[in-house]
Amino acid sequence: METIDLRKDSVRTLNSTLHGLPADTNKTAWTVTNPDGTHNIAVGLDAEIDVTVKGHSGYYSAGMNQKATVRFEGNVGVGVAENMMSGEVWVTGDASQSAGATAHGGLLVIEGNAAARCGISMKGVDIVVKGSVGHMAAFMGQAGNLVVCGDAGEAFGDSLYEAGLFVRGSVQDLGADCIEKEMRDEHKEILANLLERAGCTHDVSEFRRYGSARKLYNFKVDNASASA
Amino acid sequence: MTERDPKLRESALFNRTVISEIQRAAETGIYEIRGFGAKRAVPHFDDLLFLGASVSRYPLEGYRERCDTNVVLGSRFASKPLELDIPITIAGMSFGALSANAKEALGRGASEVGTSTTTGDGGMTPEERGHSKHLVYQYLPSRYGMNPNDLRKADAIEVVLGQGAKPGGGGMLMGQKISDRVAEMRTLPKGIDQRSACRHPDWTGPDDLTIKIQELREITNWEKPIYVKVGATRTYYDVALAVKAGADCIVVDGMQGGTAATQDVFIEHVGIPTLPAVRLAVEALKELDMHRKVQLIVAGGIRSGADVAKAMAMGADAVSIGTAALVALGDNSPEHEEGYQALGTSAGFYHDYQAGNDPAGISTQDPELAARLDPVLGGRRLANYLRVLTLEAQTLARACGKSHVHNLEPEDMVALTVEASAMSGVPLAGTSWVPGRGSY
Ligand SMILES: Cc1cc2nc3c(=O)[nH]c(=O)nc-3n(C[C@H](O)[C@H](O)[C@H](O)COP(=O)(O)O)c2cc1C
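Going down the list, the protein sequences come from chains A and B.
For the first sequence, the positions run 81 to 308 when the working numbering is used.
For the second sequence, the positions run 12 to 451 when the working numbering is used.
Rather than coming from a laboratory, the hints here were simulated on the basis of the structure.
Keep in mind that the hints are not guaranteed to be accurate.
[Stated by the list, open to error] Stretch-level coverage of chain B by chain A, calculated; a stretch enters the list once three of its residues show a Cβ under 8 Å from a Cβ in chain A: (1) 145-158; (2) 203-210.
[As the list claims (entries may be wrong)] Keeping only pairs whose Cα atoms sit at most 30 Å apart, straight-line, the calculated DSS-like set for lysine-lysine is: (3) Lys18(B) with Lys144(B); (4) Lys144(B) with Lys91(B); (5) Lys147(A) with Lys91(B); (6) Lys88(A) with Lys144(B); (7) Lys88(A) with Lys134(A); (8) Lys201(B) with Lys147(A); (9) Lys50(B) with Lys300(A); (10) Lys261(A) with Lys304(B); (11) Lys91(B) with Lys88(A); (12) Lys88(A) with Lys107(A); (13) Lys300(A) with Lys201(B); (14) Lys201(B) with Lys268(A); (15) Lys164(B) with Lys107(A); (16) Lys147(A) with Lys304(B); (17) Lys295(A) with Lys201(B).
Here the structure is a predicted model, which means the values were calculated and not measured.
No residue lacks a Cβ here, since even glycine has one placed at the ideal position from N, Cα and C.
Please build the complete structure, drawing on both the sequences and the hints.
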């Protein structure tokens, strides 16, 4: 186990050390101590390593992650795992807004709650929030799945494209073009798999599914004379 | 054409263009979406003139004496700044808006003369990377195709906050242009009228931007220059805040700037012209003692070497071109007149870059139309055009006695109109008067 103490070393040292690991490194287990809310911890990783951050982290924690598994033992700031491509990011506490923003792949698990815009513009990531999410979750979500075990705030799924949304608790209100949809077997399978990977024991039957009504996909153009 | 009966008097207020737009709106119920830039007249570089050398200054010889044009972009924090041979760069235009051939042609032309080209709201294509010696990768609100591997392949990163044609608006790409490849690169369903976000999804305000820039630097190991691009509006403050947030370069795009698809009402009615924007940007940089340390790239209506030289003289380090580069490739060429006529337009008027049926094969994803543009020939034309811009700018700089285009200064110019004088801060010709000097 390798350890980097952010009271002694800078975030630059941390990131450049992790970026510099060769693909076949045997130093695959890392611990980061005393993050003290530092921004940009473990961003741009691109190796199959495990990193555990012991404490609260700042903005863009594990941003653009590829392949690595990063575990934040505490709360995280804005944009955790933003634009993640692959790998896994776990947060044991709460996440600030825009968690998993624009992420293309991988799995993001938030054990606590996530604030506003969780999964904004998501492009293929799977996100499981064990608590609740704030307003505008999955805004313009393009692909991937967002699972909320608690409640969802206002304008849930606003301007949604093809992301799949699952909520166990209540939804304060649905955003533009987001509707409740039938939960078919294929959806139950996706959901069950995500719950299992995130270590949740809820039954899929407790969830409702939401998706895009696809009514905003094209501009509405009238042709007044033709229809007269 | 028959002469119009002089008794027919056209209303200045309700002219034929206005009337036709009211009729179009009534018929369709949707705002006009088009490409190109503003068509209205606004004070511009044409309203400035150079004072050539005279008794008090001596000029440099045309071809014999050196007049350098090289520029280094991103020397503030990046360990690998961009070193360009000419200060004229190709602006961000997306694959999606443009065909793969057009992107390749831009890369070829720019590389031939030692300058950079830029991706756009749709990610980086391998063709574009392969044919561009210096490639700037845009980081936009939509984050279409954004990924750390391409970020590391780029030579510079441009964080886009806005565009001159539509400050405050997001991108658009109409369904006709969302081909399989474009849809896949953007992770979107095929054929939708795609409207991209106008705000970044994971930061708001200058303090967050500071952290975002730091993240991008961390991911790319502090190698790449980071630009911030803004549409010209509150330019003085935007530039000051971008500098404070840690940008290496600032791109300011005036309201005339081109676009691939935007509401006409946006193109014509939002933002300030390039002329005042350059002045305000330079003022902000000087105020912070950052002029020439954080480089300023100016875009929006650059067409000639005169425009280039005048932007430089006002304090820009480089300029960037969009529309003019497309015209150099063959956009609006009489060669395609038949195609333009079939669409109810004519060479010189075509602006429907959003429609996807571009007779010149530039703003399209239709393979047959796209094949009309030979990327090698297009690249050669663009390189020729960039050489002419450079020669023209050098000619003007030498006439003012400058051995580098960056040595041009506002004192080398006068303004032709009161408006241009007020906006540029250059005195009205024959006077020492600058309206409004002392406050803005
Ligand atoms: C076809 C086309 C596509 C464009 N796409 C983008 C884009 O993806 N991102 C961006 O920041 N600006 C985009 N722009 C704006 C240009 O980067 C640039 O700011 C503008 O064209 C400069 O003005 P000019 O056309 O008068 O030279 C586009 C412009 C055109 C003409």
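Now for the hints, and whether the structure bears them out:
no., hint, in the structure
1, 145-158, "holds (count 4)"
2, 203-210, "holds (count 3)"
3, Lys18(B) with Lys144(B), "violated, 60 Å"
4, Lys144(B) with Lys91(B), "holds, 14 Å"
5, Lys147(A) with Lys91(B), "holds, 27 Å"
6, Lys88(A) with Lys144(B), "violated, 40 Å"
7, Lys88(A) with Lys134(A), "holds, 15 Å"
8, Lys201(B) with Lys147(A), "holds, 29 Å"
9, Lys50(B) with Lys300(A), "holds, 26 Å"
10, Lys261(A) with Lys304(B), "violated, 55 Å"
11, Lys91(B) with Lys88(A), "holds, 28 Å"
12, Lys88(A) with Lys107(A), "holds, 20 Å"
13, Lys300(A) with Lys201(B), "holds, 17 Å"
14, Lys201(B) with Lys268(A), "holds, 26 Å"
15, Lys164(B) with Lys107(A), "holds, 26 Å"
16, Lys147(A) with Lys304(B), "violated, 38 Å"
17, Lys295(A) with Lys201(B), "holds, 15 Å"
Hints 3, 6, 10, 16, counting from the list given before, are not met by this structure.
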